[in-house]
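Q: Residue-level listing of the chains:
Number of protein chains: 2
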Amino acid sequence: MKHFLSAILFFALSMLQAQSVASPSKNIILDFKLTANGQPTYTVTYKNKTVVQESTMGIKLKEKPALDANFSIQGSKNSIFNESWKPVLGEQSSIVNHYNELKVSLIQNETNVKMNIIFRIFDEGVAFRYDFPKQSELNYFIISDEVTQFNLTDNYKTFWIPGDFDSNEYEYNETKLSEIDNSKIDMNNGIGVKSIPGKYIVQSPLMMKSAAGLYVNIFEAAVVNYPVMHLNVDVKNYKLNAQLVPNAIGDKAYLQTPCVSPWRTIMISDDARDIVSSKMILNLNEPSKIEDTSWIKPMKYVGIWWEMHVGKSTWDFAGSQNAQNSLTQELLPSGKHGATTENTKRYIDFAAKNGFDGVLVEGWNVGWEDWFGNWKEEVFDFTTPYPDFDIAAISAYAKSKNVKMIMHHETSGSVANYERHLDRAMEVMKKYDYPAVKTGYVGKIIPRGEFHDGQTMVNHFNFVARRMADNKLMLNSHESSRPTGYGRTYPNYIAAEAARGNEFNAWSKGNPPMHEIILPFTRQLGGPMDYTPGIFEIKMSYYDKSKTAQVHTTLAKQLALYVTMYSPLQMAADLPENYEKYMDAFQFIKDVAVDWDESVYLEAEPGDYLTVARKTKGGESWFLGTITDENARKSEIKLDFLSKGQKYKAIIYEDAKNADWQKNPIAYKIKTIIVTNKSKISLNLAPGGGTAISFEPVK
Amino acid sequence: MKHFLSAILFFALSMLQAQSVASPSKNIILDFKLTANGQPTYTVTYKNKTVVQESTMGIKLKEKPALDANFSIQGSKNSIFNESWKPVLGEQSSIVNHYNELKVSLIQNETNVKMNIIFRIFDEGVAFRYDFPKQSELNYFIISDEVTQFNLTDNYKTFWIPGDFDSNEYEYNETKLSEIDNSKIDMNNGIGVKSIPGKYIVQSPLMMKSAAGLYVNIFEAAVVNYPVMHLNVDVKNYKLNAQLVPNAIGDKAYLQTPCVSPWRTIMISDDARDIVSSKMILNLNEPSKIEDTSWIKPMKYVGIWWEMHVGKSTWDFAGSQNAQNSLTQELLPSGKHGATTENTKRYIDFAAKNGFDGVLVEGWNVGWEDWFGNWKEEVFDFTTPYPDFDIAAISAYAKSKNVKMIMHHETSGSVANYERHLDRAMEVMKKYDYPAVKTGYVGKIIPRGEFHDGQTMVNHFNFVARRMADNKLMLNSHESSRPTGYGRTYPNYIAAEAARGNEFNAWSKGNPPMHEIILPFTRQLGGPMDYTPGIFEIKMSYYDKSKTAQVHTTLAKQLALYVTMYSPLQMAADLPENYEKYMDAFQFIKDVAVDWDESVYLEAEPGDYLTVARKTKGGESWFLGTITDENARKSEIKLDFLSKGQKYKAIIYEDAKNADWQKNPIAYKIKTIIVTNKSKISLNLAPGGGTAISFEPVK
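Top to bottom, those sequences are chains A and B. For the working numbering, count along the first sequence from 1 and bump the result up by 255. For the working numbering, count along the second sequence from 1 and bump the result up by 255.
For the record, the hints were derived by calculation from the structure and aren't laboratory data. Treat the hints with care, as some may be off.
For chains that are exact copies, the list does not tell them apart, and a pair is met inside one copy or across any two.
Here are the simulated PhoX-like cross-link-like pairs (lysine-lysine), alpha carbons at most 25 Å apart as the crow flies [as the list claims (entries may be wrong)]:
hint	residue 1	residue 2
1	LYS764	LYS281
2	LYS319	LYS449
3	LYS686	LYS727
4	LYS449	LYS317
5	LYS389	LYS544
6	LYS369	LYS552
7	LYS954	LYS899
8	LYS836	LYS491
9	LYS918	LYS567
Since the structure is predicted, the reported quantities are computational estimates derived from the model, not experimental observations.
Turn these sequences into a full structure, and let the hints steer you where they fit.
A: Set out below in structure tokens:
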């Protein structure tokens with residue numbers, strides 16, 4: 256009898272302690288329950304198959320009882336949300352935000368602390384966050400750990416980079432979950448500052464695929480006032496545990512109620528296109544806090560930048576290209592300085608002639624003789640140009656040519672110094688009419704002991720975005736923590752690097768051909784990447800016979816990247832003189848749009864291939880990009896995305912027959928055909944190749 | 256023979272490895288030598304008596320060989336310096352800087368690192384610093400420790416406060432060196448943030464006296480880009496070792512050659528007046544870097560401040576006087592807010608009527624409902640007034656009354672937040688014509704893990720001084736690291752608190768009667784202190800019968816403090832309504848100068864008594880202040896400092912016969928007599944009492 260009653264009681268409690276919610280499509284079902292000791296857990300199924308087994312939830316606190324057990328359910332609330340919104344800049348002019356929400360209100364026995372867990376189930380995935388309401392039982396608190404778990408059921412093929420608190424500029428590894436091991440990575444990879452905390456810690460977004468063809472992606476959204484979450488992998492049991500990035504003294508996050516954690520996200524689909532095209536991360540962020548967004552504009556730009564990477568010129572005035580050159584007291588020009596007035600005017604002329612919006616100039620300001628590698632606090636002042644950079648004359652010249660200058664603020668990781676100078680730096684931008692800035696964080700962080708991915712730095716990056724917004728300035732951050740959709744809330748934060756960019760191809764072992772076919776499934780889910788495509792002189796031996804570095808694509812693939820890698824800020828990264836040798840191919844870069852009404856993901860397989868078609872914002876042109884990894888690829892594409900009954904002139908930029916990223920990367924051919932939405936096109940991609948197509952309506 | 260040769264060799268090396276230099280008076284002799292293993296050491300004698308025995312010198316580096324042994328002397332250079340300079344504001348219009356210098360150039364065997372040690376011997380003491388010249392062998396380096404030692408010969412009576420990396424607001428302990436022990440201190444002392452790293456670590460300046468009557472003071476000067484030095488005491492052997500304040504990850508200082516350490520100073524005299532009047536610390540700092548100093552002016556001020564300390568009003572608008580009041584979401588005025596437009600105008604009227612230069616208002620800006628105790632990063636924005644503080648109207652009103660407003664920036668220790676807002680905060684100051692600011696650092700520092708006394712914070716305090724100078728604004732910092740003479744270099748840094756101020760008397764066990772007679776021998780050697788004297792309503796039971804807190808002086812001693820505690824920024828801290836009850840005594844505060852042509856220290860004994868006479872800058876008036884500790888004191892003073900042949904009307908403000916700081920503190924009497932420089936005056940000080948005298952020339 257006693258046993259029987261216990262069983263009934265247990266059953267009743269179980270009912271009370273469990274909740275369930277499905278995606279609008281019903282394909283995904285999330286189950287929430289409290290364990291016997293009151294720990295919150297969840298499971299996720301997709302089409303009746305368990306994808307996430309019972310996984311723990313909760314947080315641990317410094318100097319306070321952990322919020323990961325002894326909870327009871329106080330109540331729960333289900334709701335449906337289905338709205339659409341218009342991004343300022345984007346892949347499509349309107350985004351649907353449709354999910355079913357479950358809010359579970361928990362109260363902890365003894366402490367009476369209240370914590371809610373909010374679940375949102377979209378058709379392409381699950382998101383949840385911790386919500387700490389205002390209460391007398393919990394005001395300030397310090398998070399020492401998060402016990403959020405992703406308890407997977409399969410030994411997925413996984414695209415991963417090491418969990419590094421300071422850098423996300425790694426090439427991706429493609430292994431089984433069970434084979435993740437940071438100690439096996441070649442660390443001679445061109446990354447300057449590395450902070451890898453353990454063998455089995457990886458970064459999110461983590462893209463996975465099961466042998467049965469199920470795609471799973473784990474990430475987070477709306478990382479605001481919280482550190483980045485990395486993932487600690489139990490390689491034997493396929494359990495992933497949240498690994499928050501610590502601060503200088505080991506704490507993770509300082510919070511005050513009311514507050515929320517970022518969203519933890521699990522995207523699931525048997526079609527990879529659902530993941531690569533998902534707007535779930537953006538949807539989980541707050542709407543724009545900028546009322547008048549008329550000053551936020553997409554930009555296609557050129558700049559004095561690649562020429563330093565290839566060694567033609569230098570960032571520093573003294574010209575040694577030695578970043579620790581402080582023994583040279585006098586600032587003697589070497590004649591190799593890139594950011595001169597004359598050279599800048601040359602780029603402005605090139606931009607004006609070819610219809611580019613902006614010109615970026617790096618190395619314009621004093622400090623580059625001794626800026627990297629020594630944790631130096633006071634490097635740049637962000638306001639003083641080198642003597643050969645006449646900022647007033649350049650600003651006036653750019654204005655006369657209807658070209659916008661793009662400012663550059665390299666902080667060398669000395670954030671304390673940058674914050675001290677930020678207001679003055681913005682004054683210079685406004686005085687000389689620079690509408691946008693590229694920031695850089697190459698180096699160990701100051702305040703010392705902080706990491707690029709900690710709460711302090713997350714707050715810094717978001718702070719800079721907000722301050723720039725106060726001054727109607729656009730932001731493109733490099734070496735920042737990776738975006739998690741905050742660009743929806745501050746749409747002036749138009750792009751970031753925050754992954755291994757094209758620059759690594761200039762001087763390191765570079766980015767393998769599959770690199771650009773993983774980024775859209777990972778890094779780019781959180782926001783646009785300033786990848787800087789468009790390199791035509793693929794091999795660095797062009798500049799210096801002794802160099803072996805090269806871009807790991809064909810030229811045609813460099814063109815296709817303008818479509819496959821969405822960004823409202825796109826650089827044509829190569830030198831003007833290189834473009835002038837291939838003006839027929841360059842025509843695609845001149846033509847391609849950077850802001851879109853519509854995007855159609857036609858083919859997608861992470862690490863293998865990606866085919867995307869996009870329709871110009873406010874126009875009738877379409878552009879298509881398709882890319883492949885190291886393997887050649889043939890495909891036939893239906894053009895049924897084009898407008899019915901409309902004829903288009905399609906200019907096809909494709910790999911020449913004998914093209915090969917390694918052996919013959921520049922070989923391309925261009926052909927023009929007339930097509931309609933009934934047409935099909937055969938795509939022929941070389942190893943490491945791609946095809947770019949523009950579709951112009953024909954009257 | 257072999258032994259004999261060794262002896263000769265040893266002798267020759269000794270000669271080569273040893274140097275000596277004397278003070279101009281020849282009373283102090285410093286000997287430098289390298290030990291057998293090449294460690295630099297020094298000894299100091301005073302009048303042929305050893306005061307500092309052989310003491311080690313050098314630094315330890317992170318990830319590099321220590322610079323504390325294996326040195327050879329490359330060369331040495333002796334020089335004499337004797338000049339005078341004029342401080343912008345000061346105790347005297349001209350300061351003599353006279354010393355003999357010895358510069359020893361060292362080179363380390365094997366590493367070839369060059370390090371110089373520079374000694375300066377003044378009549379009142381010794382100073383030395385490490386100097387790291389520019390060299391290819393040493394560029395960037397991180398100091399992990401300083402092995403500087405002060406190896407004393409006596410068990411001195413010592414006035415000490417615990418070595419606390421976050422606070423210098425302790426009352427002084429008076430014990431033998433051997434009795435120093437932080438664990439025996441009553442920590443219920445009103446200090447909010449404490450970080451005491453060990454039992455035997457004390458702060459400098461450390462004032463000592465031997466049984467034989469020798470006064471020794473250990474301190475430092477020109478702490479710039481370096482942490483504060485505390486002293487780790489070997490209580491058995493009277494050895495004091497430098498204890499640098501670490502940063503968040505345990506490092507002490509980040510330097511790049513060429514660079515120098517602060518000066519380590521040892522003042523020695525058999526007359527305490529030589530120490531209390533010394534300008535050695537100022538002399539060891541760089542001359543003013545501000546060219547036009549015409550805008551730097553002394554200020555006597557009143558303010559909305561003490562009324563919050565005594566509980567009459569509140570800093571916060573919501574009026575709870577609860578610094579962690581965030582549960583109250585709405586900002587409902589309680590009627591107790593001190594910084595209202597109306598109240599401010601009342602203070603402006605009072606200032607104008609009584610000839611004060613300025614009015615400080617604390618609690619004028621939003622944020623005070625929840626500002627302290629929780630390591631909160633974003634507290635104040637330094638620009639937004641409370642709704643009942645009409646800054647524009649107040650600014651206009653003050654201008655119409657010829658009174659200057661003094662800004663208040665409480666950072667709550669969130670330095671990162673303050674630096675982000677500093678430029679905007681200064682804009683507000685300039686817009687509303689505030690010529691000076693009082694900053695505050697109550698709370699644990701953000702960047703988290705940093706201490707008030709670390710290199711980061713030293714740099715912050717100096718940075719704020721420089722930025723204020725850029726904007727022609729004067730700075731008075733509270734809860735900063737204690738000054739070490741940087742006010743000579745940036746004379747707009749006119750004062751600091753950086754010790755236990757008068758405010759502690761309002762709500763804690765307070766400051767014992769000897770407190771103000773130790774500060775001039777310690778804290779005030781580095782620069783003026785904003786002690787905020789002038790409290791007339793001595794006992795807090797006046798406001799609330801249940802209160803036992805009180806100022807630990809008589810009223811007359813509060814007057815005397817305006818002379819004994821030099822500062823070009825002096826507050827009349829009590830409430831206008833309290834002064835209005837004692838207008839005859841208040842007359843002294845109205846009359847007393849704050850900037851001086853001449854200062855004469857007539858009597859001095861640390862912790863016991865101090866008598867100072869000062870001559871008004873650019874005027875003929877003199878003022879005298881004398882104070883005693885808990886013991887009554889009688890003394891006779893010759894007025895031979897007065898101008899020969901000149902008659903003066905002397906108004907004497909002294910303790911009444913039955914006055915006593917504890918039993919009858921307010922009892923005072925005022926008498927007027929005529930005196931000349933041949934006169935003598937009998938001083939009669941009550942327990943905890945003092946006398947203030949103004950001397951006005953009679954025509």
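Q: To test your reading of the hints: which numbers does this structure violate?
A: The structure breaks hints 1, 6, 8; every other hint is satisfied.
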